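J.: Below, each chain spelled out in residue letters.
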Amino acid sequence: MPSIVIIGAGPAAVRAAETLVRAGIRPTVIDEAPVSGGQIYRRPPPGIVRDPKKVYGFEAARARRLHRAFDDLREQIDYWPDSVVWSARDRELGVITKSGPRNLVWDRLILATGAMDRVIPFRGWTLPGIYTLGGAQVALKYQACVVGERPVFLGTGPLLYLVAYQYAVAGVKVGAVLDTASARAKRGALFGLVTGGGMFLKGLYYLAWLRAHGIPMISGVRPVCAHAGPEDAVRELEWQDARGSLHRTACDSVAMGFGLRSETQIADLCDIPFTFDMSQRQWMPTQDSHGRAAVEGIYLAGDGAGIKGAAAAELSGERAAHALLHDLGHARSAKNLEALNKRLRRFERFRRALDEKAFKFPIDLAVSADDNLMVCRCEGVTAGELRHAARKLGVTEFNRAKAFTRVGMGRCQGRVCSPAAAEILADTLGVPLEAVGRIRGQAPIKPVPMAAFLHGAAS
Amino acid sequence: MPQAANQQGQFRRIDSIDRPRVLCTVDGESVEALEGDTIMTMLLLRGHDLRRFEFGDERRAGFCLIGVCQDCGVRQTDGTPLRACTTLVEPGMALVTRGAEDA
Amino acid sequence: MTLFDVAIIGGGLVGCSAALHLCRRDASVVLLERRYCGSQASGVNYGGVRQQGRHLAELPLARRSRQIWADLKTLVGADCEFAATGHLKLARSENEMAALEDYAERAREFGLKLELIGSAQIRERFPYLGGAVVGGSFCAEDGHANPRLVAPAFARAAEVAGAEIREGVEVLQATHDGHAFELRLFDDTVLRARRLINAAGAWGSTVSYWFGEPVPEDVMAPNMCVTDPIPYFLAPNLGVCGGDIYVRQIRRGNIIFGGGVGVADRNQIKARPLADITTQAVRLAVGLVPRLATAQVIRTWSGIEGVMPDGLPVIGPSETTPGLFHAFGFSGHGFQLGPGVGAVLSELALDGVTPTALDLFRINRFQRPHEIEISTPGDATKLMTEPVPARARSN
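These protein sequence lines map, in sequence, to chains A, B and C.
Each residue of the first sequence is one higher than the one before, counting from 1 in our numbering.
Each residue of the second sequence is one higher than the one before, counting from 460 in our numbering.
Each residue of the third sequence is one higher than the one before, counting from 563 in our numbering.
Keep in mind the hints are simulated off the structure, nothing from the lab.
It is possible that part of the hints are untrue.
[As the list claims (entries may be wrong)] In silico lysine-lysine, BS3-like type, Cα no more than 30 Å apart, as pairs:
1) K392/A with K202/A
2) K335/A with K360/A
3) K357/A with K342/A
4) K635/C with K392/A
5) K392/A with K675/C
6) K202/A with K53/A
Quantities reported herein were computed from a predicted structural model and do not represent experimental measurements.
Using the sequences plus the hints, can you model the full thing?
T.: So, in structure tokens, the structure goes:
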């Protein structure tokens with residue numbers, strides 16, 4: 001029996017597993033979290049029982065279906081929860097499980113590694129009380145908590161409005177929803193956004209609801225500074241509106257995010273060549289139109305293969321599994337591949353309208369960072385140090401910047417800082433973003449406690 | 460929005476408070492959490508930060524809550540590092556948020 | 563066409579140090595580095611700056627180099643995080659302790675002062691050591707530095723002093739036409755120099771092959787690991803008899819350790835650490851210093867180092883071509899020697915002689931050259947994930 005491994009347990013992974021099981025395959029599903037669902041459909045921990053409508057809102061039915069689908073698969077898969085894939089070489093994965101390190105050899109591999117918020121630093125962004133949009137959402141879903149009683153939401157993208165809405169519905173006083181995208185850009189994107197169908201309508205609903213409840217929503221915003229209060233946590237957000245006027249909004253928390261950034265580290269370790277994706281402003285593992293990676297035997301799915309949202313992730317997970325099945329000789333899968341691609345194309349159109357028109361990544365915000373603004377929050381590296389490295393130390397690409405300034409050398413391994421750091425380097429050098437390359441993938445792709453390697457060693 | 464007693468911290472509970480209690484210690488003090496709370500939730504319901512940034516004066520309180528930013532690290536009294544946002548509170552846990560470096 | 567006084571192939575620490583020392587004597591210098599200065603062994607090594615433990619043949623060179631390390635700030639304008647916190651070499655058996663004692667006695671003849679510490683004192687002085695340690699030898703003059711910073715710092719200083727440092731420039735072939743050395747570059751341009759220094763590291767044997775003196779140079783990939791920062795407690799650079807584990811802590815708190823080897827491909831210019839070797843290194847590191855169990859591994863890396871069969875570098879004049887000088891194959895322990903070797907090379911190139919003893923490093927000490935496997939020149943043209951540096955593109 002070939003060893004078929006799926007990394008992840010979010011919507012893409014679940015549908016991939018389901019598709020494989022239906023074809024008579026028993027995949028191994030390895031996931032970092034203790035329970036399935038990924039981020040967007042994250043299930044509460046054991047001990048917390050909640051009404052799915054409260055947790056997932058409009059997505060409650062979809063979430064329930066997904067969770068039930070996974071639960072129904074349990075007997076027919078090898079499920080490794082609480083397991084971190086830390087290394088990948090040739091066809092062998094190194095995994096840290098609760099019972100110690102294990103190696104796993106694979107014949108086929110599906111990577112469904114998801115994404116995280118894309119971050120742009122601004123003065124004060126490391127203050128307690130400031131979280132990502134995804135983080136604010138997870139607090140709500142996973143812990144039945146809010147990250148503050150008087151949050152301000154800042155950034156751009158559909159997630160900005162979704163999380164603001166979810167918080168307002170939960171009963172907190174939302175101070176403002178501050179979008180860096182301009183009103184004009186959003187209006188101009190309408191034709192493309194309409195292709196989103198139900199997703200677009202939901203978005204309009206969130207906007208209307210927020211407006212109806214008197215929550216200030218401003219476009220064309222640039223954050224200036226988050227100010228701390230007596231507990232050294234955020235107490236006020238200073239920002240600039242589209243006309244350049246300064247405002248100060250009192251708050252006890254800020255949730256920020258500027259779109260999403262795919263997690264591609266395992267793909268990198270697998271030696272998949274990467275291609276620069278201008279729409280995502282990120283280097284992405286190269287794949288064909290069915291999700292086959294440019295390395296034989298590996299398939300890519302979900303937001304980790306390209307940000308398309310949770311609904312698209314379910315489809316691309318199914319598609320990856322069918323590509324795999326097709327490659328194993330299941331001829332019927334060819335029809336599924338075509339049908340899935342037809343549905344996915346609509347998501348792609350919607351996504352382009354979101355990322356390239358409506359909610360463009362505010363490059364100017366990233367590159368206008370003050371010299372003394374901390375860009376790498378793990379190592380404390382400032383924008384000025386990055387610029388100095390580019391101007392005076394002969395740095396022309398990211399890994400050299402890392403060697404000289406320590407950017408990306410911290411525990412987050414470049415996940416939080418690299419979008420803005422790369423923009424600053426490119427801007428200083430006067431080159432396209434693509435030219436500064438990307439941070440080199442190195443194992444472990446997540447920090448691993450030294451103690452975790454000790455299991456199984458002879459004493 | 461339901462309020463549990465003594466909510467003076469950064470986070471607030473909004474529901475699901477009818478859960479068994481879990482006792483642990485933080486910086487030597489006895490602290491009560493609810494079953495299903497992460498360490499981050501427990502600590503930020505009662506305070507505003509989790510750890511000291513190694514290379515400056517600032518305190519940090521986590522950031523991404525999904526185990527990616529690594530800015531929510533705390534330690535057990537035996538030095539074991541734990542990621543507060545993804546680690547559930549267990550009975551008898553003994554945690555340190557203000558370590559030797561803060562002395 | 564310019565006729566440089568000296569051309570240097572290879573921008574590692576040896577090449578960059580040679581460039582600086584040559585420019586300080588007003589020579590006209592061009593240095594050709596295929597990628598970035600310090601990309602390979604010079605930049606990926608453990609960072610130990612130690613005289614202790616070396617083959618005795620290397621000690622005169624190491625002691626000379628140590629003087630340059632002391633002057634780093636003056637010489638290159640940066641201290642590159644060099645910290646003389648000592649090198650503590652540990653014995654985990656009585657036999658190993660005897661070996662340390664023996665070495666200390668021999669090394670004294672070269673002026674190297676080593677302090678032997680027995681089992682009674684070792685944990686008093688260094689309370690964090692694990693149970694297997696029975697004693698050690700401490701060299702107070704030794705220490706560690708940040709390998710990523712040193713070669714580039716020498717390169718920048720050399721540039722300020724007048725050297726032409728050309729990164730992203732591969733040399734495809736070098737010959738001597740009877741008057742001068744001629745180097746053909748990746749873009750088919752040619753440059754000429756009176757003297758040539760082969761500081762091409764793991765590819766030094768390719769260059770020596772061009773001049774009819776092939777040597778059996780192998781490669782190895784150090785398996786390096788680093789942790790997140792933990793409170794600073796470990797001052798000396800730790801090593802063990804047998805060399806299976808080495809551990810150091812920087813002031814920021816990260817623990818850097820290594821042991822064993824990963825995999826290297828000299829032609830593809832690729833190297834990786836191995837999961838099982840990393841696992842083993844972690845276990846050895848924690849065995850040596852149990853407190854390390856509280857850290858987290860956040861990164862592993864490797865690189866390509868040239869290795870000679872006897873573990874000693876090739877340093878000295880060419881046996882076939884006057885004016886050509888070799889310095890490569892430092893077999894995993896060239897970092898501390900680099901600055902000194904650069905100084906020696908500048909003397910060889912400009913004066914024809916050097917006061918430092920080099921006989922044991924001569925290139926013709928290997929047997930049976932016809933059995934040597936050569937890495938094919940020109941194969942190593944594919945870069946890794948980094949884009950080609952801007953300078954190369956400007957052609």
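J.: State for each hint whether it applies.
T.: The hints, checked one at a time:
1. Restraint check for K392/A and K202/A: the C-alpha separation of about 50 Å exceeds 30 Å, so the hint is violated.
2. This hinted pair does not check out: K335/A and K360/A have alpha carbons roughly 35 Å apart, beyond 30 Å.
3. About 23 Å separates the Cα atoms of K357/A and K342/A, which keeps this hinted pair within 30 Å; it holds.
4. For the proposed pair K635/C and K392/A, the alpha carbon gap of about 18 Å is at most 30 Å, so the pair holds.
5. For the suggested pair K392/A and K675/C, the alpha carbons sit about 40 Å apart, so the restraint of at most 30 Å is broken.
6. Among the hinted pairs, K202/A with K53/A is consistent with the structure: their alpha-carbon atoms are about 15 Å apart, no more than 30 Å.
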